[in-house]
Amino acid sequence: MMRYELTQIPWLKRLLVSRWPLFLARAVTLAGFVLTTVAGLIGSPVGSHNFAIIFVWIAWWTFLKLIALPFGGRAWCSICPIPAMGEWIQQGALVEPGGKGLGLGRQWPKRLRNVWLPTLGFGVIGLFSAVTLTQPRVTGWVLLGFILLAAVLSLVFERRAFCRHVCPIGGFIGLYSRVAPVEVRVRDRSVCAEHEDKTCVTGNAHGYGCPWQASPVSLTQNTNCGLCMECLRSCSRDNIVVNLRPFGADLAQRAGRSLDQAYFGFMMLGSVVIYSAVMLGTWGNLKTAAYNVGTPGWFIYVGVLLAFTLGVLPGLFLLAVRAGRALARSKASLKKAFIAQSHAIIPLGLMAWVAFTISFAFVKFSYVWSVLSDPFGWGWNLFGTAQLPWTPYLSSITPLLQVLALLGGLVWTSI
Amino acid sequence: MATRGLKQEWLARLILALLLVAAIATPFAVQWIQADNSARNANATTIELRARMAENGGWSSDAINATVGQTLHLRLTSDDVIHSFAVGQTDWPVLDIKPGEVVTTDLVFDRPDRYTFFCTRWCGANHWRMRGLIEVTDPKSDTT
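Just so you know, the sequences run in chain order A and B. With the working numbering as the guide, the letters of the first sequence map in order to residues 1 to 415. With the working numbering as the guide, the letters of the second sequence map in order to residues 416 to 559.
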């Protein structure tokens with residue numbers, strides 16, 4: 001398949017190998033994260049006037065779903081602030097390797113070396129999403145909880161255990177990064193075969209061993225590559241490159257497919273269907289049920305969400321796979337066929353989330369200008385934009401864009 | 416870590432610390448600089464009044480003290496639905512208080528008395544309970 005090596009461009013390679021660009025980007029996102037968390041915890045309880053709600057669930061989510069993920073895969077993970085604090089403590093340094101870090105450095109339990117935890121985490125977040133997405137204080141506590149959890153895990157386990165095995169956001173980013181047009185791969189595998197040290201895994205004076213606990217040598221998919229560029233720095237044979245490639249290149253890879261990833265795909269696809277009904281639909285009872293945590297209506301919503309994402313959707317797909325097997329008179333294992341074929345829904349899931357994001361991204365983006373001037377909703381006007389009225393952008397073509405995204409996902413999945 | 420590496424490390428730490436402090440301090444600093452000048456008036460008393468549906472607590476303060484001739488500077492906001500603010504025994508216009516927006520008003524009372532303030536927007540089943548009292552005193556006499 002066609003590839004264009006970006007690291008053959010000298011200035012770009014210097015930029016990627018240097019630690020400063022990613023560090024500075026991460027420092028900025030961490031500063032923004034701190035402001036966001038504080039705004040959520042102490043600012044106005046009115047969501048549309050709180051920096052936390054607008055910047056997390058409108059600005060950042062739009063950036064992630066419409067730009068970073070489809071075009072950069074795990075690019076967000078490379079600058080995500082959540083694991084930053086823990087990783088810096090673990091490494092004992094911000095930029096230069098060789099610091100005296102803290103931590104027990106334990107290996108992540110074998111039984112949990114999959115995406116069942118992120119799947120469960122995403123499901124749990126979904127159960128409370130109506131509240132989380134509208135209540136600044138809840139968003140604030142969720143963010144604080146994530147960064148503390150990541151820090152604690154960094155002190156107990158080696159490398160980026162939180163990112164690789166726990167983070168629900170990272171879980172779906174990894175899943176959908178397979179369609180992104182950028183990758184980190186080895187240039188020539190024969191060079192790695194002769195290289196005994198495998199410094200991309202073990203690390204050296206120039207770089208850490210892969211923080212994502214991946215083996216760059218055998219990397220064939222983007223799922224577990226966080227684009228941190230450590231392997232570019234630590235490879236003593238200059239054999240690791242960053243490539244531009246066609247969209248969806250990883251979908252043809254059969255290696256590495258597993259039941260947990262298949263189920264995450266169903267969780268994501270099912271969730272976006274339910275969220276669309278709840279948040280975009282005209283049924284007030286649904287919204288009420290999803291919002292009023294602890295009420296009988298909420299428990300029904302929980303049951304429907306979990307049953308649909310983890311039962312109905314995979315069950316229907318299983319029936320379809322079974323029917324296909326019967327028609328083809330295949331003797332292949334049903335489980336293997338299910339796993340293999342379920343990865344075909346990845347493009348559909350991604351485009352469904354793109355369509356869902358489009359529904360509110362442009363229409364609500366104008367709130368960003370007012371919260372920039374009044375981040376806490378306290379009547380400030382720092383930059384003179386606090387009184388700018390809400391203005392829906394591109395509202396006349398938003399439904400068309402959504403339809404195009406969904407149709408595109410359907411066609412892509414069918415290919 | 417080599418000397419150059421140590422220097423880079425400390426520079427990175429300094430940048431990080433500055434960014435983290437700036438993220439929080441900058442909004443407060445800019446706000447302090449831009450603070451409402453009328454609120455700095457030595458004769459003004461500034462009170463922030465938050466409105467919530469009566470079921471959720473009603474007015475954040477239902478008893479306010481003021482002095483005849485002194486400006487009572489109110490900053491009003493709503494934490495849930497649209498409310499409004501009106502003061503009895505006066506012909507001051509009713510102020511709408513929209514969720515998340517802050518509206519300010521200056522009140523100057525010319526005689527001591529107990530003035531009721533209340534919401535005039537239907538904000539919930541217990542809307543009628545959204546009321547409070549402004550007690551205006553005259554320091555020149557002890558009567559209200």
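The hints are simulated quantities; they were obtained by calculation from the structure and are not laboratory data. We put the beta carbon where it would ideally sit given N, CA and C, even for glycine. Check the hints yourself; a few may be wrong.
Said to hold, decoys possible - Pairs of lysine-lysine residues, derived as DSS-like cross-links and limited to a Cα-Cα distance of at most 30 Å, are as follows: (1) A:Lys364 with A:Lys110; (2) A:Lys287 with A:Lys13; (3) A:Lys287 with A:Lys336; (4) B:Lys513 with A:Lys364; (5) A:Lys198 with A:Lys335; (6) A:Lys110 with A:Lys13; (7) A:Lys110 with A:Lys335; (8) A:Lys13 with B:Lys555; (9) B:Lys422 with A:Lys100; (10) B:Lys422 with A:Lys287; (11) A:Lys110 with A:Lys198; (12) A:Lys110 with A:Lys100.
Stated by the list, open to error - Some chain A residues flagged as far from chain B (calculated, every beta-carbon gap over 12 Å): (13) Arg19; (14) Arg26; (15) His49; (16) Trp108; (17) Leu334; (18) Gly384.
To be verified - Rough simulated footprint, nothing fancy, chain B against chain A, three-plus residues with beta-carbon under 8 Å: (19) 33-46; (20) 91-103; (21) 297-309.
Legend entry - Hints breached by this structure: 1, 2, 3, 5, 6, 8, 10, 13, 14, 15, 18, 21
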